[in-house]
Amino acid sequence: MDKTQILPSKKNIGVQLGVGIRNSALYLPSSSLQERRSENWLYGGNTGIRQTPPVEFDVGPRQPLANHRCETKILTHATQDTQVAHESDIISDLSDNELDFSRVYQFTPETLRSSDLDSRGLINLFRNVNLSSERDYEAKSDTPIAAQEYVPRKFLSSIEGTDAHVNDVGVQATSHEYWNTIQTSDGSRPSIHSVDPTDLENVAVGLVHTTADLRMNKDARRVIGYSSGDTGSVINLALLVQSDPSDFCCSNEILSINLNSRIKHIKFPVLSPSFGRSSDTLAILTENGLTILRVKSTDDHTGKLAIESPISLGFSSLEDFPFADISFNPWDINEFAVIDVKGNWCIGTRVKRGARESRLRLSSNRRGTLYDPEELSSWKRLEWGSEYFRLIVVSRGRLVEIDLNNRSQMEIIQAKSWSSLRDYKRIDDQFSVITTSKEVIFVNLRSSNIERILSWKHDLDPNDSTLKTEVCRVVNSSDRERFFVFIYSRLTNRVFLHSFYRSESAFQSIGDSSLLEFESSRGGFSTLIISQPNYSTSAFFEELSDHVQLSAVVRDVTSSVIWKYAISARDNRVKSTGGQQRTTLLSEELGNIQAGFKPVCISLHPCLPAPSEDHDMTKDIEAFQRYGYQISEGMNEQLEQWTMGLDGEALLNQCKSVALDGLAAPVDYIESMEEFGSLLQQFKDHYKDYDVWFADMCTLSTALLKEPIANLGVFYNKLLQCWDFGVEGEECIARDILKGIVMKNTGICSVSVLSSKIASTYEQLGQDNQDLLDAWDEPSPFEEEESVSQQYSSIFQNHSQASQIPPSIKSSQHSPPKARKVKGRTHISSQLASQPISSVPKSPGTTLRAPTAHASNVLPSTMTPAFTLTSASQRVPSLSQSQSSQRQRRKKKRLGGFG
Amino acid sequence: MFELPLVRNTKRVRTVRKLRYQYINTLYQEYRRVQSSATANSTLPTPENSAAEEASDGDHDSADATSRRRRRKRRLLSVLGHAETDTDLSDAEAEEGNDDAEQADSEKEFFTRHEKPQETFEVWNTDRQKTVPMNTSTLSYDTCKQIERRAQKRLSAGMGHISKNADQHFRAMRDGYEIVAETPESHHLAHITQLNELLHVNIMKGRWDIAYRCFSILIRLPGVDIRSMWGPGARILRELSSTDKGLGTSEEFLGWLSGIYSSRSNFNQAMNFLMDPVFRCGSKTHTAKFVVAWLWELLFASCPDGTEHFSEEDPSNRKLLRLIERLSEMVLIPPYMEDPEIWFIFAVCHLVSADQLSQRFISTKSRTSELERDISRNQVTQHITNAHNCIRTCETKKGDFSFPRRIIEEQLACFEKRLYQNNDDLTASDPESEFGLGNEQENLDTQNVLGPGMSSMIDEEDNFFGSAEQVHFGFDSDSST
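Chains A and B are the protein sequences, given in the same order.
Counting along the first sequence from 1, when you hit position 648 you're at 648 in the working numbering, and nothing is skipped either side.
Counting along the second sequence from 1, when you hit position 53 you're at 1053 in the working numbering, and nothing is skipped either side.
To be clear, the hints were calculated from the coordinates, so they are not data collected in a lab.
On a predicted model such as this, the values are computed, not experimentally measured, just so you know.
There's no promise every hint is true.
Quick partial rundown of chain A residues pointing at chain B, CB under 8 Å, derived from the structure [to be verified]: (1) P8; (2) I13; (3) V19; (4) H193; (5) W331; (6) D332; (7) E335; (8) I402; (9) N405; (10) I412; (11) K425; (12) K438; (13) R446; (14) E451; (15) Q549; (16) L550.
From the three backbone atoms N, C-alpha and C, an ideal C-beta is built for every residue, glycine too.
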């Protein structure tokens, strides 16, 4: 069994698994090689729980780990007691950050009702704006980058005007806005998002072993590096302090360096385990170069990091393309390799001595290109392969292994037809995990030929190009280990998890995949890092890894806060010893699972109304009668309230409208919508005499169906035709929804109060506004009063318009000041306008002006009316008149042209 | 979040797809031109750089004839010292090719250079022997921009009338950005998306009845391809059929699929497919994945986990016989005939039945008559012979099927040993097997306890396999045939 693959498989394919596929398998005969078990098969995709129980994870609540807005304040859970004073700051800062992406000036009903407007004093319409001094905007003469005078091509071309649209597409927005929204020209909702694939990781956690620590025989320290700042160009380094075995937090001292360019990738080198140490460097890829930092020392008490001054390499040192990825040689601390967005790669070395500008040197003969004209995406990855002379280069369409010794290359994967590559993770010298748009694939790179060992079809959206993988390896014993493969995306806050198991030479997939739900992160994750469990302290992993405790460091797309989550395996699994216990155990487990999960999918069925079989129509009528009594009672009460006092403060209450279900509790169950409709109709007819206004059925039907239907029964039948819920008892649900709509939206208000309300409102207005109102419609104040009252009375008699109650005066047009202007300027026209309309087209000299002055009285059909309640009946004749006058005017014009 | 079991084919997607293929085809041509002129001008062709050139084309097997011809012509010309005229010539030819290509389907043109794999989503080449020399020159900014500018120029003619969205999508793609998945456009699609999401989430959480409901609605919706989602279906049915007798089993479902969707069609490399054939369907050269899954499931069902062994009336035994019958028919027709995995399953079937039959020689030794023993002994040897034959056929088929051959042969040898074990030392072997059984019932986690014993057993069998097996095998196979 020298081969790594024991399960039967074809070459180049390996064991190909997916949901519902558990082959291939190996037969374990009853009494032969394998120890006796109750199993006859060694499945490729093991779904049972006997051999290796699948581990299910719960995601704990999130805790902020670092928030770049307050770089000096450290948000750690463990040290809260020492920082109580800061807590309010922290919270406000967090919420500030969280709200960054919602519009501030949006007025929702809640904000209107909030105490801000009621309270005296200053009203802040906008949130406080922190003017951060972003150093990236400062021009510095001595920065190494600025000397190169790089102006983006797109910028130039957009100035020249040759390429007008490119600006919308490609130009990076500042700050942590990852979505390059492609705006449509009319400013409507953007329909496509583009994303920069070279934005790899702006948070990284790695081990750093300084020379001093090495001499003192101390362990390597865990360091977190993350980008911050409005342009994402400040690199922050902090020590991660293990506060207790399963928890860690940031140290208080954070080292920030401004790199003057947007950070795209932070990488800590991982050395081969044979070294027994970790590196003391880290690399940062920015938009215009590579920077390598070396940590000099760490302070035990304060956690302060000291670094040597950064050494950098401009993007122009290779082939004038920005770098896409960097990788360090695991067998040589000083060697690294870079690749640019077009696929040019080069080996480089870090030399200790020499001028600081030339300490990073690129090799002149160990370089090459893997440029593929068929590859458009600039996503490229570079990793060291199974040997010190092997490089793995990954692009969306290819995976190539480069052999530096033989100076040869080999295209291992060509993904140009059905899938494309999404991520590549090196687990160790031997195994790697490749994520494609369809599968997760384990590959063995060590053997004489590369082996595709096992693949799992993950069924995630193949169009999602932001999928990334994080692999966590839990070693149970020397030859038994578990691999947890986390796949996350920028589009969703759910993380796909599938676990694999390797025992000696058999790779298996364990159990079903699961989704981890991360609490309250909006959007997806830009980076997710799973901390690798510390092997030295993990003696308990021997016991079939029931107590896997992982922690995740997460930065989501929308905010720049870095969160920390604890991920722990559910430990409700008791070791089973016999077959009998297993059954009871299973049922317990199921219960626990259901209790443990958040009710994500709404359990629809119990709450849906169901048609009751033994429904009695006679009871229905009784119920309707009872309801009729109830609403008329409620209505009477309401009427009493309305008529209680016609002036004073009570007036305000009286103008409030009520909905139908505010009067009485609605009927439980309605079998016939027609009956219900006629009941409502009767009710409305009855109260029409009491100066009460009801919202019309047509209003509702136009809102839902875009056609006016007065009869509720017809309305219901039409709705049934459009609504299809795909469940049993659809009609019942439709009835219930319609009932709800009718009850909630049939507004009732008293008309009689309105005129007095208007009068009192008018009195409350200041002189200016009164003048404005006076001048609103009519040139003559006498006529105005009359017409307004006329208008109102006619409005409410003829309530065929969709309207809001109470009627609010919205000045949606700007004609009043205009009218005033006209009035002031031309005295003649105002006089003319005050004359009866029929007398308007008399003198040819003034006919041109007359309609414009008239327009303040009678609106043209294109303009929105000043009052939301309009009277159609009164205006129609005048409107037609104005149109006829316009027609006359046109005629006149033509005549004038001839004359 | 999950893959939809249908093709999303909006107008914009189609336009961008077309543009993309056109663009990369022109880029490819331009790049080839630039490269060939560079190599032609700099050096005379040597075996090394012509090999590199070969490699840079990216296709070794399916290089189209025209390009090869052109290359040969160019090489001849350059040897003759006509390097300058050569570039002109290749220019003209490239233009010609381009004109043709624009009329033809650009996607088809793209795939004449690339193979469409059937077995995997990607073309895998894992053989380290097939390396090609490293491409040591790097691509300079100027060259790259020159190529891109030319390609854009050529493409700009056709871009006048495309929609703004498609235009922006394409421009973003061209600049190296990636477009993330968009929201569904229609209500129908939104409905399918929701159901699909629910289906996968509920499978992951093990709520099988809800998942079943989603699945059964989904497969009835127009546009949904059941072949894209048989995996979840089989998984759900496997869980539910044990409790709900009204439902079919997953084997029945897979059998139904295998019956309905034939593998008789040819996979046409020249056609543009919108969905992959890997898990979805089969062809004359590719065994459909659901057929393989079905056969495995039948095999698992005929020898389920956790059963102790059985008498002849056992229904699982009959299942196994039926499966063997079916397989013997299947291996006569194309895709299965050449598929080593089918042959391997066939071999395992024989292996399992040999195991089951030979079990009786250990457990029920006293009750059977000598005649019955002879009959079943013959059966066992026949199965063992067949298993050996199948394994041999499996190995001769293309595709390099790898399996632990030694383990399987050891197993077969062990079964054969059982036949004669009883005669020789009944008393010696019995307590051992009894002990094994009892031990297992007491304690399942006995890996460490049984470890040494197991290894000694292997050794024993190894010796046996090495010395005596051949003799018995040859003798019995002769007598049985």
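Of the numbered hints stated previously, which ones are contradicted by the structure, given in increasing order? 5, 6, 7, 9, 11, 13, 15, 16
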